[in-house]
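There are 2 protein chains.
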Amino acid sequence: MAVMNYLTPCIFDFGAVAQLPKVLKTLNISRPFVVTDPGLKANGLLDKLIAALGEAPAGVFADTPANPTEAAARRAAVDYRAAKADGIVALGGGSSMDLAKALGLMVTHEGPFERLGGTVRGARFITKIPPLVAVPTTAGTGSEVSVGAVVILDNGRKETFVSPFLIPTQAICDPELTLGLPPMLTAATGMDAMTHCIEAVLSVVVHPPAEAIGLDGAERAWKWLPVAVADGSNRDARWHMMMASFQGALAFVKGLGVVHSLSHALGRVQELKLHHGTLNAVILPHSLAMIAGHAEEKFARIRRALDLASDADLAAAISDLNKRIGLPSSLSQMGVTEAHWPTAREYAISDIATAANAIPFDGEKFDELFKRAF
Amino acid sequence: MAVMNYLTPCIFDFGAVAQLPKVLKTLNISRPFVVTDPGLKANGLLDKLIAALGEAPAGVFADTPANPTEAAARRAAVDYRAAKADGIVALGGGSSMDLAKALGLMVTHEGPFERLGGTVRGARFITKIPPLVAVPTTAGTGSEVSVGAVVILDNGRKETFVSPFLIPTQAICDPELTLGLPPMLTAATGMDAMTHCIEAVLSVVVHPPAEAIGLDGAERAWKWLPVAVADGSNRDARWHMMMASFQGALAFVKGLGVVHSLSHALGRVQELKLHHGTLNAVILPHSLAMIAGHAEEKFARIRRALDLASDADLAAAISDLNKRIGLPSSLSQMGVTEAHWPTAREYAISDIATAANAIPFDGEKFDELFKRAF
Numbered sequence: 023m024a025v026m027n028y029l030t031p032c033i034f035d036f037g038a039v040a041q042l043p044k045v046l047k048t049l050n051i052s053r054p055f056v057v058t059d060p061g062l063k064a065n066g067l068l069d070k071l072i073a074a075l076g077e078a079p080a081g082v083f084a085d086t087p088a089n090p091t092e093a094a095a096r097r098a099a100v101d102y103r104a105a106k107a108d109g110i111v112a113l114g115g116g117s118s119m120d121l122a123k124a125l126g127l128m129v130t131h132e133g134p135f136e137r138l139g140g141t142v143r144g145a146r147f148i149t150k151i152p153p154l155v156a157v158p159t160t161a162g163t164g165s166e167v168s169v170g171a172v173v174i175l176d177n178g179r180k181e182t183f184v185s186p187f188l189i190p191t192q193a194i195c196d197p198e199l200t201l202g203l204p205p206m207l208t209a210a211t212g213m214d215a216m217t218h219c220i221e222a223v224l225s226v227v228v229h230p231p232a233e234a235i236g237l238d239g240a241e242r243a244w245k246w247l248p249v250a251v252a253d254g255s256n257r258d259a260r261w262h263m264m265m266a267s268f269q270g271a272l273a274f275v276k277g278l279g280v281v282h283s284l285s286h287a288l289g290r291v292q293e294l295k296l297h298h299g300t301l302n303a304v305i306l307p308h309s310l311a312m313i314a315g316h317a318e319e320k321f322a323r324i325r326r327a328l329d330l331a332s333d334a335d336l337a338a339a340i341s342d343l344n345k346r347i348g349l350p351s352s353l354s355q356m357g358v359t360e361a362h363w364p365t366a367r368e369y370a371i372s373d374i375a376t377a378a379n380a381i382p383f384d385g386e387k388f389d390e391l392f393k394r395a396f
Numbered sequence: 023m024a025v026m027n028y029l030t031p032c033i034f035d036f037g038a039v040a041q042l043p044k045v046l047k048t049l050n051i052s053r054p055f056v057v058t059d060p061g062l063k064a065n066g067l068l069d070k071l072i073a074a075l076g077e078a079p080a081g082v083f084a085d086t087p088a089n090p091t092e093a094a095a096r097r098a099a100v101d102y103r104a105a106k107a108d109g110i111v112a113l114g115g116g117s118s119m120d121l122a123k124a125l126g127l128m129v130t131h132e133g134p135f136e137r138l139g140g141t142v143r144g145a146r147f148i149t150k151i152p153p154l155v156a157v158p159t160t161a162g163t164g165s166e167v168s169v170g171a172v173v174i175l176d177n178g179r180k181e182t183f184v185s186p187f188l189i190p191t192q193a194i195c196d197p198e199l200t201l202g203l204p205p206m207l208t209a210a211t212g213m214d215a216m217t218h219c220i221e222a223v224l225s226v227v228v229h230p231p232a233e234a235i236g237l238d239g240a241e242r243a244w245k246w247l248p249v250a251v252a253d254g255s256n257r258d259a260r261w262h263m264m265m266a267s268f269q270g271a272l273a274f275v276k277g278l279g280v281v282h283s284l285s286h287a288l289g290r291v292q293e294l295k296l297h298h299g300t301l302n303a304v305i306l307p308h309s310l311a312m313i314a315g316h317a318e319e320k321f322a323r324i325r326r327a328l329d330l331a332s333d334a335d336l337a338a339a340i341s342d343l344n345k346r347i348g349l350p351s352s353l354s355q356m357g358v359t360e361a362h363w364p365t366a367r368e369y370a371i372s373d374i375a376t377a378a379n380a381i382p383f384d385g386e387k388f389d390e391l392f393k394r395a396f
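Protein chains in written order, with this note's numbering: chain G, 23 to 396; chain F, 23 to 396.
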């Protein structure tokens, strides 16, 4: 059992979810409130969690939407208060974990929810939320260790909430919970982890420990993601992909880059409902092609980590990986049209991830990236 | 400026010490008490720190011995209380930082000091100490981020104190402060960092993020330590060695190995007063020679990090590094005799680092290690 303690304490191994009662006791949570989604209620993972708890939780909110909304968090907050809960257990992918963070904010912070958002520098108003135990069931977002939560506001805007207070109090990473993840979701979430690792390594922020973790995570995902997609029951592959996801989020404390800026921008197009990991996967090779030649040393280190030839084309290698694991190769294949671009363009330019990108990116550069990925 | 936040928040760069007033304000320290040693008082670094403070600290204890003692910590605690101080600034190498931790324990914990020691499982009695800002002036121990402190008790025993509460509240790593470190001390402390990185990677504990950081730190020390020793004024080399030291301590959350066990054991021989880093440097190649063949995958990763041939003899490479940076090649050269062995042997076997070693080590194995290193 790996016990890791950078940013958030994490218990990591097959069967780790059995440690939940002990963890709750340590955190003085006697009335846990579980946040999850309908899929995990249907496929038995919620039952598995409740069995691990040993007794019924104080309450359960199993209606997390695919993209968490302010409205859903508000309903969960009503239930949380009614249950007289004293802590949160988030079971799921990034959506459940982000909804749990939003719920945590709502039950501890007065005033309009949106004033806490990143675009209005709301971090300065964010203080302690109830103790939050994150139990991821996908391997990609790394939300179990990250400072962020993405929520669609009542006004339709997708807002990012960022604060050290949003880092879960404890993470329980049990790869067993990912064994049933279908190949497409394994591939898409896995490429989210890969993108976190690679963009974090390339970001201009200086943070050698995070960079080392990112390189290791990229090496791990490169080796094990095709295995996990080809054979979801491969326990080694599931272990390593959950680790790569965890490492990706540890790495991105040093920032991300324009893949995420563009991915966030297109992810806001409500009628398309695009998967964040798939977007990252499709855009990543094109960002790499544009950065190539401007970050030689880091490209060399990434090539070495991926065991590629010293003159290998990194962008082509990632494109090839996408193909091998069955992901689309263009935004147009995903339903994006040129009509979506003007709005997304403005958002991408102002996205927080743009500032940390390996090379400066303005509107024209984003035009080129969009065109390449289109 | 790198701002890193695994285990302890760290501000890292040339000139970082100028951030001290801001850091103290954030930590609500209005009456800082400075712990340092006579060398740093003599060479002007204490003056530099006080200049950065902008005003006189509430008190200064500049009598830290080369190996911190319970008696010295007690005297510092008296001064701390008399100064009505509300926080500690440790300026120095491992000794000043460890003494500061001991002082912190003394002013907050009742009863005999030794009951808090690791050998009597004292960690369970250790709670919060005053806020502690660590400002390292050597690059090796990594005590600015570590959970431990080593103190010679009144009864003559060398005791290790370990608790998450002993991790400094904040680290300020300013490579500028190491520019004047003489070549021998640069070499010896640098090999302490190198040993932390390599033993942490090889330890049996599973912690991939720490392992990745250890590999990166080893790569960094391998490249930059000879440069720092040859030219102490090389700022890049000083930056990277301070980073390797920081990374070594982040890495050894996953444990160390028998190099440290033997080094601790021989470091307790009072009449020899051996330098911990030099001991590590001398012993490391011999531990590697004994582990070789039993940890192939990790050896391969270390070779790759050090840019060695895939069939290179890692032990010989480290021996050669020691030679290049002017360190001794045997314990006997350092004054150790066979008469020192029986007592040291018992200590080494029971040292906490032994349990995490890459391969199990009993008395006979330690006999062999001692003989090889002798």
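Just so you know, these hints were derived from the structure itself, not from any lab. One should not assume that every hint holds.
Put simply, identical chains are the same to the list, so a pair is met inside one copy or across any two.
[What the hints assert, rightly or not] Pairs of lysine-lysine residues, derived as DSS-like cross-links and limited to a Cα-Cα distance of at most 30 Å, are as follows: (1) 245 with 44; (2) 44 with 150; (3) 295 with 320; (4) 150 with 47; (5) 393 with 320; (6) 106 with 295; (7) 245 with 320; (8) 44 with 320; (9) 320 with 106; (10) 70 with 387.
Exercise for the section: Measure nothing new, just compare the shortest in-copy and cross-copy C-alpha distances for residue 44 and residue 150 to 30 Å and report within, between, both or neither. Expected result: both (22 Å within a copy, 23 Å between copies)
Practice task
Indicate which option fits the pair residue 245, residue 44 if close means a Cα-Cα distance not exceeding 30 Å: within, between, both or neither.
Solution key: neither (34 Å within a copy, 45 Å between copies)
Practice task
Give the relationship of residue 44 and residue 320 under a CA distance limit of 30 Å: within one copy only, between copies only, both, or neither.
Solution key: neither (42 Å within a copy, 33 Å between copies)
Exercise for the section: Evaluate residue 245 and residue 320 at a C-alpha cut-off of 30 Å and name the case that applies: within, between, both or neither. Expected result: Both, since 19 Å and 16 Å are each at most 30 Å.
Practice task
First find the shortest C-alpha distance between residue 320 and residue 106 inside one copy, then the shortest across copies, and answer within, between, both or neither for a cut-off of 30 Å.
Solution key: neither (50 Å within a copy, 50 Å between copies)
Practice task
Up to 30 Å between alpha-carbons, please classify residue 393 paired with residue 320: within, between, both or neither.
Solution key: So residue 393 and residue 320 pass the 30 Å test inside one copy only (25 Å; across, 43 Å).
Handout entry: Status of residue 387 relative to residue 70 across identical chains (alpha carbons, at most 30 Å)
Key = Neither: 48 Å inside a chain and 46 Å across chains, both beyond 30 Å.
Practice task
Evaluate residue 150 and residue 47 at a C-alpha cut-off of 30 Å and name the case that applies: within, between, both or neither.
Solution key: both (19 Å within a copy, 21 Å between copies)
Exercise for the section: Could you place residue 106 and residue 295 in one of the four classes (within, between, both, neither) given a Cα distance threshold of 30 Å? Expected result: Neither: 34 Å inside a copy, 60 Å across copies.
Problem - residue 295 and residue 320: within-copy, between-copy, both or neither at 30 Å Cα - result: neither (33 Å within a copy, 43 Å between copies)
Hint compliance for this structure: hints 1, 3, 6, 8, 9, 10 are broken, all remaining hints hold.
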